[in-house]
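There are 4 protein chains.
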Amino acid sequence: MPRPQPVPLDSVNGLSRAEFATLLGEVFERAAWVAEAVAPLPPFAAVTALHEAMLAAVVAAPDESVTRFLNHHPDLAGPSTRKHPLTAHSAREQAGAGLDRLSPQEATLVAEWNARYRARFGFPFIICALRHTKDAIFAEFERRVANEAAEERRAALAEITRITALRLVTRVSGPGMPKVRGELTTHLLDVAQGRPAAGVPIELYTVSADGSVDLVAAAISDENGRTPVPLMVGRPIPNGTYELRFSLGAYVSGQTDSAFLQMVPVRFTTAEPEGHYHIPLLFTPWSYTTYRGS
Amino acid sequence: MPRPQPVPLDSVNGLSRAEFATLLGEVFERAAWVAEAVAPLPPFAAVTALHEAMLAAVVAAPDESVTRFLNHHPDLAGPSTRKHPLTAHSAREQAGAGLDRLSPQEATLVAEWNARYRARFGFPFIICALRHTKDAIFAEFERRVANEAAEERRAALAEITRITALRLVTRVSGPGMPKVRGELTTHLLDVAQGRPAAGVPIELYTVSADGSVDLVAAAISDENGRTPVPLMVGRPIPNGTYELRFSLGAYVSGQTDSAFLQMVPVRFTTAEPEGHYHIPLLFTPWSYTTYRGS
Amino acid sequence: MPRPQPVPLDSVNGLSRAEFATLLGEVFERAAWVAEAVAPLPPFAAVTALHEAMLAAVVAAPDESVTRFLNHHPDLAGPSTRKHPLTAHSAREQAGAGLDRLSPQEATLVAEWNARYRARFGFPFIICALRHTKDAIFAEFERRVANEAAEERRAALAEITRITALRLVTRVSGPGMPKVRGELTTHLLDVAQGRPAAGVPIELYTVSADGSVDLVAAAISDENGRTPVPLMVGRPIPNGTYELRFSLGAYVSGQTDSAFLQMVPVRFTTAEPEGHYHIPLLFTPWSYTTYRGS
Amino acid sequence: MPRPQPVPLDSVNGLSRAEFATLLGEVFERAAWVAEAVAPLPPFAAVTALHEAMLAAVVAAPDESVTRFLNHHPDLAGPSTRKHPLTAHSAREQAGAGLDRLSPQEATLVAEWNARYRARFGFPFIICALRHTKDAIFAEFERRVANEAAEERRAALAEITRITALRLVTRVSGPGMPKVRGELTTHLLDVAQGRPAAGVPIELYTVSADGSVDLVAAAISDENGRTPVPLMVGRPIPNGTYELRFSLGAYVSGQTDSAFLQMVPVRFTTAEPEGHYHIPLLFTPWSYTTYRGS
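Residue numbers (the numbering used here), protein chains in the order written: chain G, 1 to 294; chain R, 1 to 294; chain V, 1 to 294; chain X, 1 to 294.
Quick caveat, the hints were computed from the structure, so don't treat them as lab data.
Please note that a few of the clues may not be correct.
Ranges between beta-carbon positions, derived for each pair [claimed, not checked]:
{"hint": "1", "chain 1": "R", "residue 1": "Ile-220", "chain 2": "G", "residue 2": "His-278", "range": "30 to 40 Å"}
{"hint": "2", "chain 1": "R", "residue 1": "Pro-42", "chain 2": "G", "residue 2": "Gly-254", "range": "32 to 42 Å"}
{"hint": "3", "chain 1": "G", "residue 1": "Thr-170", "chain 2": "V", "residue 2": "Ala-218", "range": "45 to 55 Å"}
{"hint": "4", "chain 1": "V", "residue 1": "Ala-49", "chain 2": "G", "residue 2": "Ser-212", "range": "57 to 67 Å"}
{"hint": "5", "chain 1": "R", "residue 1": "Ala-150", "chain 2": "G", "residue 2": "Ser-212", "range": "31 to 41 Å"}
{"hint": "6", "chain 1": "X", "residue 1": "Gly-275", "chain 2": "G", "residue 2": "Gly-254", "range": "39 to 49 Å"}
Derived coverage of chain R by chain G (criterion: at least 3 residues anywhere in the stretch with Cβ under 8 Å from a Cβ of chain G; other residues may be distant) [as the list claims (entries may be wrong)]:
{"hint": "7", "segment": "99-105"}
{"hint": "8", "segment": "225-237"}
Away from chain R, derived, C-beta distances all over 10 Å, residues of chain G [as the list claims (entries may be wrong)]:
{"hint": "9", "residue": "Pro-43"}
{"hint": "10", "residue": "Thr-241"}
{"hint": "11", "residue": "His-276"}
Just so you know, even glycine gets a beta-carbon here, dropped at the ideal spot from N, CA and C.
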């Protein structure tokens with residue numbers, strides 16, 4: 001099913017209250033009342049202003065409404081104990097982080113964590129799954145479960161800000177878009193020949209704490225030494241550890257007898273989901289340089 | 001059992017023929033006649049001259065003696081079909097390459113190869129196991145089994161030259177030692193601070209074709225950014241693929257907020273067992289350069 | 001006096017023969033007959049096609065006309081012996097290479113060369129001055145004066161192709177423009193901080209054989225580590241030796257105590273006037289890397 | 001006149017007081033009384049202990065003796081106003097920094113500074129000339145003339161500590177030598193070929209504030225990519241700005257058509273006269289990396 005195009009902000013500003021509430025009713029998880037509260041407020045000059053108005057409606061709600069709202073979020077990866085099925089949004093977001101493919105041991109661990117977290121704070125662990133790899137989600141879980149109650153409530157609302165921004169930009173377009181997208185790019189330069197390296201296979205993997213890897217993207221460098229499209233684009237770069245693999249072997253064997261470099265792995269850890277990670281490789285058959293570029 | 005010290009060449013030159021034959025009888029596999037043939041020839045001015053004399057004795061022998069000599073070498077990793085137990089030398093050499101720890105699938109494959117090779121050439125596949133990783137031995141097997149008979153006989157004798165040089169230098173010392181040892185070293189330089197990086201854990205692994213790794217050496221960088229002893233030393237560097245892993249995380253977190261580089265893998269393939277592989281890492285929290293140095 | 005805008009090729013195709021000859025009469029030095037010969041031929045589908053037609057008219061002319069045409073080109077930098085003043089085009093082109101600012105010794109040398117060249121070939125030394133520094137012109141003079149006559153005639157016509165392409169693109173615009181422009185850019189990356197370096201003064205100099213330098217361009221790096229406009233753009237990059245100077249001192253002293261790098265000179269020699277020379281600097285307070293990028 | 005060998009500390013410990021005073025009488029400028037004061041104190045366990053004892057004798061002297069001692073030091077480069085000729089030591093030290101080759105303008109400037117300094121502090125400007133280039137001496141002059149009196153008296157004594165350490169090590173050798181020597185080395189690695197670059201001409205210059213340069217050392221890289229001896233060794237590395245020039249042109253033209261890099265200048269400023277400055281160059285025909293190594 002193709003996803004509908006975002007509606008221009010100008011048009012959103014001209015919607016009836018009912019149409020407005022329908023368009024934005026799912027932005028906040030199982031909380032159509034947020035869109036309804038904001039429906040009288042247009043026109044908005046910027047998409048960020050619309051987003052902030054919706055967040056303000058949450059903050060202005062009575063504490064018990066907020067708690068109920070928090071409680072309408074699903075547990076992480078815990079289907080067996082769920083009263084409601086996941087919303088389509090949540091299902092897609094959790095799948096993106098691999099939370100729908102946990103091993104039995106991981107599932108047990110997550111279930112224990114969910115119980116521990118919920119007992120401590122009175123609502124489920126909420127995290128913007130699109131901004132973290134599975135390993136990073138686990139690390140955040142461990143870190144945040146030790147928070148004080150007020151601190152963790154703020155942390156949950158901060159995650160909801162990120163989650164709802166990502167949902168909003170699929171529904172509304174226009175000036176003042178919230179920044180929700182990062183980019184991961186590379187560039188292959190053969191500095192022995194002084195020119196871009198074409199035809200080199202490049203793979204991008206996520207790396208788990210146990211060293212296992214999952215393929216994220218694959219491409220062949222073009223005549224400019226770049227990939228035809230960025231290795232990640234149009235979405236946040238999930239916080240996590242990655243490995244780029246540059247299979248130089250065939251390229252280098254066309255230039256020289258050296259077989260010293262066959263596959264160059266470049267491993268790095270990201271922490272800016274909306275940032276641009278540009279990771280070039282300057283190489284010869286016997287050396288290379290890599291760095292976070294711009 | 002401590003291995004005996006090599007005997008100085010001067011003393012070797014003064015041995016009786018019987019003593020000489022005893023000292024060097026095991027240098028050529030199950031071929032005490034080689035040492036006996038050379039026993040009348042001392043004095044030798046260099047250990048290489050002694051080695052060349054022994055090799056000349058083999059070459060001078062009738063073809064059928066040489067074939068018999070070739071046949072006295074053991075199959076690779078093939079205990080079940082052996083008439084004789086491995087000599088202590090051969091056992092140590094094959095274990096060094098991991099040939100004593102084959103998986104059942106590998107063992108089956110090697111058994112098939114051995115049969116195919118022996119059927120084609122009339123003698124077992126001979127390779128200087130100390131100069132190759134297990135994967136490199138398999139690659140050589142596949143390459144050499146396609147050789148012409150005369151070419152392969154030369155290849156086998158070239159391997160015997162390497163095997164016997166390594167055995168000889170454990171028995172005789174003195175001027176003109178054959179070059180049988182390589183070295184693998186590293187150097188860690190923090191180019192953001194302009195000084196060597198101390199306290200960084202370094203590991204060296206061999207990497208198999210399937211991506212699995214085996215730890216070869218581990219060390220912590222000292223105040224000069226070097227390891228207290230070379231990562232490999234005093235023996236050939238087996239042809240193969242290696243990965244150095246520099247665990248920069250703790251070091252870098254002492255200098256900066258960046259967690260971009262946690263563990264830097266450097267993967268390379270060697271082809272000069274008696275060479276010096278110096279693989280430095282010049283790094284900052286956001287970049288690094290590596291190369292084959294000198 | 002502002003230079004007139006180029007005329008779109010479509011409009012050129014619609015000109016009368018007389019208008020056409022007027023528009024393009026100065027493209028070939030003192031040879032209005034070339035434009036006249038081509039005037040009946042429009043329409044042209046590409047600017048390169050128009051250029052090729054004009055070149056073909058020269059090649060098709062009788063040898064003695066071509067020789068006369070070659071002779072209508074001015075001597076290099078030789079005002080005192082000139083019968084005619086330089087055309088505005090030639091004056092601008094020679095000044096661009098510094099040929100209007102020769103020292104007395106250089107002027108004497110050039111006069112001797114001009115005489116020697118003209119005696120040998122029967123026409124003056126012709127070179128596309130916009131594609132060479134003064135030093136490169138002198139080097140070409142010395143190289144070409146040793147050519148055979150036919151070879152040198154071809155060399156002169158090749159230079160005229162370059163000269164006329166540069167004149168043509170100031171008069172006509174449209175599809176299929178001849179490639180006459182190069183670019184020289186840089187990029188400053190602080191790899192100790194993992195970000196572009198802003199606020200660094202950058203100067204570009206030409207370097208003569210005697211080591212003396214002439215400032216070509218100066219800029220301050222912006223927040224992307226780039227210069228607001230390319231250091232050279234919209235014209236050929238004259239073949240020659242250049243030095244980029246990056247004054248890192250103030251930038252680095254804001255980050256660290258180190259005063260190791262104050263001004264980083266990067267010296268390089270170019271040979272592709274229509275190419276893109278991208279010369280980045282990746283630096284820390286204690287190290288740097290530079291390369292021809294893309 | 002060959003300089004005498006240093007006397008072993010053991011022998012110094014056995015000298016008569018008179019012999020001791022003769023051996024060390026010139027270590028402190030025109031102050032034989034310092035050596036005499038220390039003459040009863042041997043044996044010393046370390047050369048540094050002997051040096052510290054001599055410094056302590058100065059510090060213990062009455063203020064007016066110290067002032068008289070300071071006044072026995074020569075003005076910088078000011079022969080015309082001198083009552084006494086320079087001692088051989090001072091002449092050699094000042095010449096090392098180029099203070100015997102001042103331009104008339106510099107000489108005038110120094111004379112003015114000397115007058116201003118002496119008027120302010122009551123003694124001449126004292127600096128360990130072997131630890132600074134001429135430019136660095138001028139910079140220090142400007143910086144120190146603004147000091148408070150007590151601060152500057154300490155600064156002068158700190159310089160005397162350096163001056164006398166350098167004189168002492170030419171007279172006495174043994175355990176616990178004061179560190180008075182630095183080293184400046186390089187290493188040329190061709191990372192396109194994966195091996196040291198032999199046969200490359202290397203020059204080391206000092207660079208003045210006005211950009212003029214003075215040759216300090218020249219060498220050709222050997223088969224290890226190093227210079228046969230360090231570019232500076234056996235003395236302090238004078239604080240100052242240097243330029244290393246690597247003339248890669250001929251080397252690179254033997255490997256490739258590229259003429260991009262002809263001479264690579266590497267400019268750096270030093271601040272540790274007793275340090276080791278190792279400045280390698282890793283290069284290809286199109287790129288290079290340099291850094292302060294170790």
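Violations among the numbered hints, reported as their numbers in ascending order: Result: hints 2, 5, 7, 8, 10 break, sorted rising.
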